[in-house]
Amino acid sequence: MGVGSNADRMMQAVVFNLADQVYAVDINDVLEIIRPETITRVPGSPDFVEGVIKLRGRVIPVIDLAGRFGLARTAPAAENSKIMIVEAGGATVGMVVDNVAEVLQFSREQIKPPPQIVTGRETAYLKGIVLAGERLIILLDVDRILHEKEKEALEEAAADA
Amino acid sequence: MFTDEEISIFFEELEEKLQVISDNLLVMEKGGSSPEAIQEIFRAAHTIKGSSAVMGYEKMSALTHEIENIFDRLRQGRLVVSKELVDTLFEALDTLRALKEEIVASKNETADIVGITARLRECALSCEAGSAAGEAAAAKDAAARKILSEEKGSVPQGGASRPVAEEVELSDVEEAMVREAEVRGYQAYWVKISIDPGCQMKAARAFLVFETLQQVGEIIKSVPPAEDLQDGKYESGFDVLLFTQEDAGQVKNLIFSIAEVIDVKIQQVRASAAAADGDHSGRATAGAAFSQRVQEQSRENIKTVRVDVQKLDALMNLVGELVIDRTRLDRFVGVFESRYDDELAESIQEISSHLGQVTNNLQEEIMKARMLPVAYVFNRLPRMVRDLAHKMGKEVDFVIEGRETELDRNVIEVIGDPLVHLLRNSIDHGIEPPEERVRLGKPRAGKILLKAAYVEGQIVITLSDDGRGINPAMVRKKAVEKGLLTAEAAARLTDKEVLDLIFTPGFSTSADVSDVSGRGVGMDIVRNQIEQINGSVEYVSVPGAGTTFTIKLPLTLAIIRALMVELGDQVYAFPLSNVVETLALRPGEIRRVRHSEVIVVRGHVLPLIRLAQLFNQESAQNNPDERVFVVILGSGEKKVGVVVDRLLGEQEIVIKSLGSYLGQVPGLSGATILGDGSVALIVDARGIVKEGSGEEAFYATG
Chain D
1 MGVGSNADRM MQAVVFNLAD QVYAVDINDV LEIIRPETIT RVPGSPDFVE GVIKLRGRVI
61 PVIDLAGRFG LARTAPAAEN SKIMIVEAGG ATVGMVVDNV AEVLQFSREQ IKPPPQIVTG
121 RETAYLKGIV LAGERLIILL DVDRILHEKE KEALEEAAAD A
Chain E
1 MFTDEEISIF FEELEEKLQV ISDNLLVMEK GGSSPEAIQE IFRAAHTIKG SSAVMGYEKM
61 SALTHEIENI FDRLRQGRLV VSKELVDTLF EALDTLRALK EEIVASKNET ADIVGITARL
121 RECALSCEAG SAAGEAAAAK DAAARKILSE EKGSVPQGGA SRPVAEEVEL SDVEEAMVRE
181 AEVRGYQAYW VKISIDPGCQ MKAARAFLVF ETLQQVGEII KSVPPAEDLQ DGKYESGFDV
241 LLFTQEDAGQ VKNLIFSIAE VIDVKIQQVR ASAAAADGDH SGRATAGAAF SQRVQEQSRE
301 NIKTVRVDVQ KLDALMNLVG ELVIDRTRLD RFVGVFESRY DDELAESIQE ISSHLGQVTN
361 NLQEEIMKAR MLPVAYVFNR LPRMVRDLAH KMGKEVDFVI EGRETELDRN VIEVIGDPLV
421 HLLRNSIDHG IEPPEERVRL GKPRAGKILL KAAYVEGQIV ITLSDDGRGI NPAMVRKKAV
481 EKGLLTAEAA ARLTDKEVLD LIFTPGFSTS ADVSDVSGRG VGMDIVRNQI EQINGSVEYV
541 SVPGAGTTFT IKLPLTLAII RALMVELGDQ VYAFPLSNVV ETLALRPGEI RRVRHSEVIV
601 VRGHVLPLIR LAQLFNQESA QNNPDERVFV VILGSGEKKV GVVVDRLLGE QEIVIKSLGS
661 YLGQVPGLSG ATILGDGSVA LIVDARGIVK EGSGEEAFYA TG
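Protein chains in written order, with the working numbering: chain D, 1 to 161; chain E, 1 to 702.
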């Protein structure tokens, strides 16, 4: 039982860089990390959707996380850039990141709620901020990143009509 | 208290048995008291009664009990079949279906069965054998039973039977059945099953054991009785008497495969010789019928395995990948051959072509495994036709051919509704009332033929009637009345084009709107549904002589042939079923009508769409003097031209969805993976044709 509660307290996250920021997502949401490959652009899809790629016989969308947050991407295709395949709520989606740094283990107590004063689109996708030594790592909520979209798309559609 | 699996088994079986009852009631209605039909219904009702009671659906159980009673008496010749009885039984069947729907929807039974139960009883009373007609039917029935008895009698009696083991006590009836089973080559086993005392769902375990054993044989008896087991009222286990052709070891393994079974003891049971002289004459029918049933069941068991559809889909997916890799290998072989000219190249060529063959076969086999006979849809139609014909006061002779034709299950799911709609139209608008038919010199009963067949790698379903047909003049008049087009425009259309108008939204040829058809939402939806699965629907009609609808459907939805085109640096696929032809045009051949571009193909003006514009994408084609490539897309009778950069050729592609995240993207219907591993998007050809060919452009053709 002691092992279980310890495991409950600890969590692992994949840490990556994007537009000069350090982010992390819960390792349980990450299916795999692949080298970038040719992305097929999908006309008529939302701006933050870069296109589709094939992943072991399936076709999955790739989103531009920076664009999603309203950040400018530094270099369009950095040398170390990867596609991180995440899954949440039944949707499998790829996210282009500049660099995958490490897998970090930390206790849940290290997660601090985002400061109230910080606003902007990315706060909606935050689970919290992880204090790892000197570093501040932004822990993302994959579920929200994938599913807030529908709400927005609906609002946009309503605004267009 | 039951697992999803148990519940789904129950519903599957329920649906199967309800269909059996429905089919055989129709037989009875046509052929009077067919002993086989009566026997079939009796068995089906009996099964439903038992399983619905286990599941705790009391009303369903009670109603099937009434039905079973009636058929038991019919079997024995104590009742005779009358039209009224059949009608009431149909009503009872509807009530059962209603109960089933309610259970599926809410797990509650709210439908009233008191009324129908009373009517069944009343009906049964008035049908008692005794009248002159009754006597005749009863005699016929008795003759049928005699056949069964003789069949049984012709079998040599098992001589060397040993006494039953001491601890197993059988009644005379059971002994007779054991003996009967032995004669037929079945073993009788007394099976002691011990269930884990800590088991949480004793009722469910017992149900599973019963369900499992019934796959290989027949449970004759259980201790404690089945009713108690259903309620979980047993201690550490229970005993059953099982008749089966399997050997004891196999039965044992089967039972052990069920969770929480901790021990199984099997002992073979043999009938005592003394019982052989007992009252077997009375059981003869039941015994013979029983062993016949066991035979049927065991035959089925050997032939079929139930597989989850998802597994088949996954398998199909893997084959899809194999197809892709084969295409890649083909490209590689080409490169290899051009570089090296030796035996190695030859071998790899050989391997590649063999792999190609195997992949093709595999693909075909899996496609076949996903297929179901079209009977799944067709079987529910005769009943519907009967009811509709009654309601409309028409007489219809409904003939079905090619029930065994197999279709992808996805296709089967889609064609049900369109077929029902076409049939309704046929009965409502097509077939004339009997008096009118007689006056016209036609047979009283209208004929409707529904036929399915394979033609050139497609499934073709035809539905023809010998009714009054569709009159172009009437259609023309109606279309103008409904304001679908002006009188002048209507006059300019050819007869074929006029007939096509019935597929226009908001069109109905019926003079008065009935609740059967003619709500004016019909034919356009029919065409839509069929085209959604890459099928097509056409019809020919001879006024006064009838109408024939022809529906063409692909064998599968997963793999299609497509025309691959290039636009900028991307590859797009057009489903070949929508590609009419391809053209290379000089820029001068593109004309302008008001603010849109059109082309003239053999005298027809077609709207022209630039794919680059539609997809808001850079075109590699910048030289205004070069020829442009145009793909003519067609859907229904409408056509549009689509300008692309380059034509790449035809290819078989595996359709992949764009996924729930992207959902429906306008202009696209999916994606596919190409030989080089990149993703190509599949163009929604039907959507483009619909968008592109405004009504204005369409009627400007004349």
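Don't take every hint at face value.
What the hints assert, rightly or not - Simulated coverage check for chain D against chain E, where a stretch passes if three residues somewhere in it have a Cβ under 8 Å from a Cβ of chain E:
(1) 52–61
(2) 89–101
(3) 125–134
To be verified - These stretches of chain E come out as covered by chain D in the derived footprint (C-beta under 8 Å, 3 or more residues):
(4) 610–617
(5) 651–658
Rather than coming from a laboratory, the hints here were simulated on the basis of the structure.
From the three backbone atoms N, C-alpha and C, an ideal C-beta is built for every residue, glycine too.
A quick look at each hint next to the structure:
no. : hint    : result
1   : 52–61   : holds (count 9)
2   : 89–101  : holds (count 4)
3   : 125–134 : violated (count 0)
4   : 610–617 : holds (count 4)
5   : 651–658 : holds (count 3)
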